[in-house]
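Working from the sequences, and respecting the hints, build out all of it.
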Amino acid sequence: MTNIPETGRTQRVTIRLVVIQILVVSLLLTLGGRLWYLQIRNGDEYEKEAAGNHVQQVVQPAVRGSILDARGVPIADNETRLVVSASRTELMKQDDDGRAVLERLAKVLDMDPTTVRNKVRLCDSRTEQPCWNGSPYQPIPVTDDAKPRQALQIRERSEEFPGITAKPMAVRRYTAPYGAGASQALGYLSPVTDKEIEKAKDTDSPFLPSDEIGRSGLEREYDSELRGSSGVTRYEVDNLGRVMGRAESDKAEPGSNLVTSIDSRVQAVTEKSLAQAMKDARKEYDKNTRRNYKADAGAAVVMENRTGRVVAMASNPTYDPNAWVGGISGKEYARLTGKKSNYPLLNRAIQGQSAPGSVFKVIPTAAAVKAGYPFDGRYDCASSYEVGGQVFKNYESKGYGSINLGRALEVSCDTVFYDLAYQQWKKDGGNKPKKDTKDWFYKTAHQFGLGKKTGVDLPNEVTGRVPDRAWKKEYWEANKDAWCEQGKNAKTYAEKIAKENCATGMKMRAGDSINYSIGQGDTLVTPVQMATIYAGLANGGTLYDPTLGKAIVSPDGERVKKIAPKAHGKLPIDGKTIKQMDKALQGVATRGTAAWRFGNAGWPQDKIKMRAKTGTAEVAGKQTTSYFTTYTDDFTVVMTISQGGTGSGASGPAVRKIYDAIYGVGKDGDIDKKKALLPRPESGLPKIDKDGAIEARKDTAFAKALKKGDGAKQQQKEGAAEAPAQAARREQRGTGVGD
Amino acid sequence: MSTRSYPLTGYGPRRRSAWSRLTARDSVVWRLDWLILLSALALSVIGSILVYSATRNRTELNQGDPYYFLLRHVIFLLVGFALMGVTIWLGHRRLRGAVPVMYGLSVFLAVLVLTPLGATINGSRAWLNLGGGFTIQPAEFIKITVILGMAMMLAAKVDAGDRAYPDHRTVLNALGMAALPIAVILLMPDLGSVMVLVIIVLGVLLASGASNRWVLGLILAGTGGAILVWALGVLDEYQINRFAAFANPALDPSGVGYNTNQARIAIGSGGLTGKGLFEGTQTTGQFVPEQQTDFVFSVAGEELGFVGGGLIILLLGVLIWRACRIARESSELYGTVVAAGIVSWFAFQAFENIGMALGIMPVAGLPLPFVSYGGTSMFAVWIAVGLLQSIRTQKPIAAP
Numbered sequence: 001m002t003n004i005p006e007t008g009r010t011q012r013v014t015i016r017l018v019v020i021q022i023l024v025v026s027l028l029l030t031l032g033g034r035l036w037y038l039q040i041r042n043g044d045e046y047e048k049e050a051a052g053n054h055v056q057q058v059v060q061p062a063v064r065g066s067i068l069d070a071r072g073v074p075i076a077d078n079e080t081r082l083v084v085s086a087s088r089t090e091l092m093k094q095d096d097d098g099r100a101v102l103e104r105l106a107k108v109l110d111m112d113p114t115t116v117r118n119k120v121r122l123c124d125s126r127t128e129q130p131c132w133n134g135s136p137y138q139p140i141p142v143t144d145d146a147k148p149r150q151a152l153q154i155r156e157r158s159e160e161f162p163g164i165t166a167k168p169m170a171v172r173r174y175t176a177p178y179g180a181g182a183s184q185a186l187g188y189l190s191p192v193t194d195k196e197i198e199k200a201k202d203t204d205s206p207f208l209p210s211d212e213i214g215r216s217g218l219e220r221e222y223d224s225e226l227r228g229s230s231g232v233t234r235y236e237v238d239n240l241g242r243v244m245g246r247a248e249s250d251k252a253e254p255g256s257n258l259v260t261s262i263d264s265r266v267q268a269v270t271e272k273s274l275a276q277a278m279k280d281a282r283k284e285y286d287k288n289t290r291r292n293y294k295a296d297a298g299a300a301v302v303m304e305n306r307t308g309r310v311v312a313m314a315s316n317p318t319y320d321p322n323a324w325v326g327g328i329s330g331k332e333y334a335r336l337t338g339k340k341s342n343y344p345l346l347n348r349a350i351q352g353q354s355a356p357g358s359v360f361k362v363i364p365t366a367a368a369v370k371a372g373y374p375f376d377g378r379y380d381c382a383s384s385y386e387v388g389g390q391v392f393k394n395y396e397s398k399g400y401g402s403i404n405l406g407r408a409l410e411v412s413c414d415t416v417f418y419d420l421a422y423q424q425w426k427k428d429g430g431n432k433p434k435k436d437t438k439d440w441f442y443k444t445a446h447q448f449g450l451g452k453k454t455g456v457d458l459p460n461e462v463t464g465r466v467p468d469r470a471w472k473k474e475y476w477e478a479n480k481d482a483w484c485e486q487g488k489n490a491k492t493y494a495e496k497i498a499k500e501n502c503a504t505g506m507k508m509r510a511g512d513s514i515n516y517s518i519g520q521g522d523t524l525v526t527p528v529q530m531a532t533i534y535a536g537l538a539n540g541g542t543l544y545d546p547t548l549g550k551a552i553v554s555p556d557g558e559r560v561k562k563i564a565p566k567a568h569g570k571l572p573i574d575g576k577t578i579k580q581m582d583k584a585l586q587g588v589a590t591r592g593t594a595a596w597r598f599g600n601a602g603w604p605q606d607k608i609k610m611r612a613k614t615g616t617a618e619v620a621g622k623q624t625t626s627y628f629t630t631y632t633d634d635f636t637v638v639m640t641i642s643q644g645g646t647g648s649g650a651s652g653p654a655v656r657k658i659y660d661a662i663y664g665v666g667k668d669g670d671i672d673k674k675k676a677l678l679p680r681p682e683s684g685l686p687k688i689d690k691d692g693a694i695e696a697r698k699d700t701a702f703a704k705a706l707k708k709g710d711g712a713k714q715q716q717k718e719g720a721a722e723a724p725a726q727a728a729r730r731e732q733r734g735t736g737v738g739d
Numbered sequence: 001m002s003t004r005s006y007p008l009t010g011y012g013p014r015r016r017s018a019w020s021r022l023t024a025r026d027s028v029v030w031r032l033d034w035l036i037l038l039s040a041l042a043l044s045v046i047g048s049i050l051v052y053s054a055t056r057n058r059t060e061l062n063q064g065d066p067y068y069f070l071l072r073h074v075i076f077l078l079v080g081f082a083l084m085g086v087t088i089w090l091g092h093r094r095l096r097g098a099v100p101v102m103y104g105l106s107v108f109l110a111v112l113v114l115t116p117l118g119a120t121i122n123g124s125r126a127w128l129n130l131g132g133g134f135t136i137q138p139a140e141f142i143k144i145t146v147i148l149g150m151a152m153m154l155a156a157k158v159d160a161g162d163r164a165y166p167d168h169r170t171v172l173n174a175l176g177m178a179a180l181p182i183a184v185i186l187l188m189p190d191l192g193s194v195m196v197l198v199i200i201v202l203g204v205l206l207a208s209g210a211s212n213r214w215v216l217g218l219i220l221a222g223t224g225g226a227i228l229v230w231a232l233g234v235l236d237e238y239q240i241n242r243f244a245a246f247a248n249p250a251l252d253p254s255g256v257g258y259n260t261n262q263a264r265i266a267i268g269s270g271g272l273t274g275k276g277l278f279e280g281t282q283t284t285g286q287f288v289p290e291q292q293t294d295f296v297f298s299v300a301g302e303e304l305g306f307v308g309g310g311l312i313i314l315l316l317g318v319l320i321w322r323a324c325r326i327a328r329e330s331s332e333l334y335g336t337v338v339a340a341g342i343v344s345w346f347a348f349q350a351f352e353n354i355g356m357a358l359g360i361m362p363v364a365g366l367p368l369p370f371v372s373y374g375g376t377s378m379f380a381v382w383i384a385v386g387l388l389q390s391i392r393t394q395k396p397i398a399a400p
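Chains as they are written, first to last, in my numbering: chain A, 1 to 739; chain B, 1 to 400.
If you are wondering where the hints come from, they were derived from the structure by calculation, not from laboratory data. Take these hints with a grain of salt, some might be off.
Said to hold, decoys possible - Stretch by stretch, here's where chain B covers chain A in the computed footprint (C-beta under 8 Å, at least three residues):
{"#": "1", "region": "19-29"}
{"#": "2", "region": "230-238"}
{"#": "3", "region": "463-474"}
To be verified - So the derived label-pair ranges between C-beta atoms look like this:
{"#": "4", "chain 1": "B", "residue 1": "L180", "chain 2": "A", "residue 2": "P162", "range": "39 to 45 Å"}
{"#": "5", "chain 1": "A", "residue 1": "M92", "chain 2": "B", "residue 2": "G85", "range": "27 to 33 Å"}
{"#": "6", "chain 1": "A", "residue 1": "G52", "chain 2": "B", "residue 2": "A231", "range": "49 to 55 Å"}
{"#": "7", "chain 1": "B", "residue 1": "L130", "chain 2": "A", "residue 2": "I22", "range": "39 to 45 Å"}
{"#": "8", "chain 1": "A", "residue 1": "I40", "chain 2": "B", "residue 2": "E60", "range": "46 to 52 Å"}
Glycine is no exception: its CB is placed at the ideal position from the N, C-alpha and C atoms.
As structure tokens, then:
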């Protein structure tokens, strides 16, 4: 053997080879570890990213269900319009990114080329409207009112318009039959936001980027029923957006139709009368503020007594909901949400809060009975009432002597209720309240459903307010710091009030209870709450949830889901008391503050028993609120006009007009049954045909009369204008605390 | 060459039939490293499938024929396999004599790339156009000739028994020999190949037993050179961008970071068992560029999952592990150094290629050995396998 090592390697080389081997192994282990980290640990995350990478959705929107009135007449439906859309993916494939095509398109559509280009660009945070904020794979609508000639041109010369389609599509339309918009009750639609899409992602009814959803009113309340489900085709696309195959597709399901209890004819009369009443009120001079009434807002509700169904719901100022269709312009939106137009989007029937004034008095009357005062007892109706040096005057400083509660309600005697409320306040401990205060007047208000929602099937209803001890305390907690700061050196009147509030604002004071007893002070109610209460008096004591929706009818007409009346409470008084109060309210219509609108104005009281209560509420720094609540056996009508004057003065003629139309009452009290729009509540549903179409009973006679009446009414109004104006002035004399 | 230096010399006086020579207990076939051969074959088969999956619907590349790339890949594979056989038959020892010629030829081809004959792909002028749609990448051959050339120079005196380790002069000469083609490739610029060559030089130096000072010096010089290249702006904008994107692909997902990001999504979405062959949405959707070559691993990751990706890494591991053993067991330093050079080459190139698909290495255009589409690369790695087999099957040189 030789001394040359057999392997030709030395120790050093061997060690180094081992080092290399270790290095290699560690490199490969690094790769394995990283592979595990990407695929096993974070695999789900990347899977999602990969899925988002290659699947794109194209949406076929579902046809939204119609909203119909009680006679099947559509108040919100869809019309077919010629929609011209551009496909971005197609345009981007062209050498000039579709510029030439869009230019040609603008020419055919008589549109500005820049506008067309802007409409197809994608929105980002810096892009101004118009721009497209939906999926870039969705055809982007360029216009939704193309003329047939234009659509034809585009279709015939399709090779000149690659990526452009002209198709008839369903677009929302608010028909306003007989001119009845019912705008606030109907609500409106607008496109979904990214947040909403994200939120509804895992629910039963997820949104698609092209979806429009109800933003308010019935459109929002019944959105899930009306919307249906969009058809979606999911395409697999490659890195250039080229479609590689159709993955899956769901067919579009049209939405259900909603039959409401609204009678468009009554709605039309209600809206018109309310608008007219406000217009007339603006001609009236307000002695207190030394200028004409502003009558800046108003609301009216017509409700079925025995079901709570809403026959008409009006809010003024109003607007045309068609403004939302096809995207609202920035200018229009600013106008609709601005102070200058006094927020026409608000549904003041359910969102307008004000002190009710004397229409509230049914509550203290009931409270007095609950507290143990006999209804037919004798109560002193003095011309004024003094507590602790403060004088509370009766309306018009008039006294009626010793009267029962019914008469007090009838003549709206404030002092009777002052005394009752003061006595109860003292019984509950006065300024040092007992531990278990009875608070009959407040408890009763809660039992009547005030201070909480009525449960109307409309979104964003407000609760109003019962200014009871709990509320006072809460309110004081929230404001005491500001009051105490302002009242530090009490010099001005406001500062003195602040100082007093700071010290005792948490307490129920005698004055609070007295003011409250006639619906003044911090009490707030909504028209729909008052309608619920008076309908409750009419039906024997049940407080129904006001409902507009009557039935949901599936698009094929096979499934009809009726919306049954639902009660949320009972009036806390027995049938006898209700009857007594009912009688008193009849007295109001025949002898009392509303007599000049009904009993003395040719109302056929012997045939249709009318009950009424008027209210004129004071608002600090503003003109008085007119409140008028009325009911017959079948219907309740409530109307209020902010800064409109007295209850019967401002709202009276309008309410009378509504009843005249419902029952067909003529000028001299004769009833023309043919003209009567709704002598009985509509209990049934419109006829549904086999193919799912809902028959619309359009009242052509009414429509004709309406057209003729616009001319005739003008004359009639001028002739009759004198009497009510005078009477109104009479009523306003010596404005006390309430009428 | 005379028959005297033929490795079979001394196997008895009787000439045996070709068949019995192949099947005899002591034949080349029996002594082949089957693990290496099978690993390389398995990788090549997997690679063929992945290349097919990545290209079957790339109509803009495959000229409408879904089998265009697969067919060529298989042809390359067969040619590569044949080249391995030739290499084994010739033997690394006999090739030693031809190294200067091979070296000269490969450098000449590399220089040709810089002339108008060269083709530019992805910003690198690294290909020679042969016409008929065929190109060759001389850098791949240079990897082999540098390994062989340096091994020859460094091991000459040691194997002759003159010295225990290569002396400084030899090392310097060997480095000079390697520096010339590296400089040419740097001009292309084919940064990935330069990186691989530097690692090869390092591995070869280590295995040759050259003084520690050389090894450390080379590492320092490499680092210093890299800094210098960066500072002097020798690199093009796109190359710097590639580095930046590797560090943070989210910075510019539609630009530089796009490749790495899409590759990462593809691999990550594969999960444990993958989406199934030909079912990868990232692959079919062509979201990952260069998917049949540089990013072929992303196809495996997406369609075959952790199991498939892990298998590729495992097969590469087995192959390289066996190659390390061959380096350790070679009877002469020349074989050891050649094997070590191949180990450095495969290990680094695999790590760089898979690492960039996984987002832990900067993007540099390098094929994954045996798996990626590419003729020259395929030929080169199979020749390397041939060299490994030759070293393994060699008989110790009989004592003089």
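Hint-by-hint comparison with the structure:
no., hint, verdict
1, 19-29, "holds (count 8)"
2, 230-238, "holds (count 3)"
3, 463-474, "violated (count 0)"
4, B/L180 to A/P162: 39 to 45 Å, "57 Å, violated"
5, A/M92 to B/G85: 27 to 33 Å, "53 Å, violated"
6, A/G52 to B/A231: 49 to 55 Å, "41 Å, violated"
7, B/L130 to A/I22: 39 to 45 Å, "41 Å, holds"
8, A/I40 to B/E60: 46 to 52 Å, "34 Å, violated"
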